[in-house]
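Residue 1 is where the sequence shown starts when you use UniProt numbering, and the numbers rise one by one after that.
Simulated from the structure, these hints should not be mistaken for laboratory data.
No experiment lies behind these values; they were computed from the predicted model shown.
Among the hints, erroneous ones may be present.
To be verified - Straight-line alpha carbon distances no greater than 20 Å define the calculated PhoX-like cross-link-like pairs of lysine-lysine that follow:
{"hint": "1", "residue 1": "K26", "residue 2": "K45"}
{"hint": "2", "residue 1": "K42", "residue 2": "K26"}
{"hint": "3", "residue 1": "K45", "residue 2": "K29"}
{"hint": "4", "residue 1": "K42", "residue 2": "K29"}
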Amino acid sequence: QKHTMKLRAERMYFVERFLGEGTFGKVAKCTNLSTNEEVAIKIIKNGFNKTPGLNKGFCQEGNLV
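Generate the whole structure from the sequences, applying the supplied hints.
Here you go:
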């Protein structure tokens with residue numbers, strides 16, 4: 001199933017497929033509709049985005065990739 005989602009006003013991504021799912025959410029293979037760049041995006045489940053320290057962990061995780 002394919003979806004379009006708006007992450008920020010200036011960036012639109014097309015979800016090609018979901019790559020995996022874990023405790024905090026899903027990871028999707030997406031295409032930037034402006035640049036056609038393929039990216040992986042972590043989609044965090046509702047409620048987890050307010051967990052203290054979680055955002056810092058995701059930033060560190062992003063730097064590893």
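Do the hints match the structure? See the list:
no.	hint	verdict
1	K26 to K45	8 Å, holds
2	K42 to K26	6 Å, holds
3	K45 to K29	17 Å, holds
4	K42 to K29	9 Å, holds
The structure agrees with every numbered hint stated previously.
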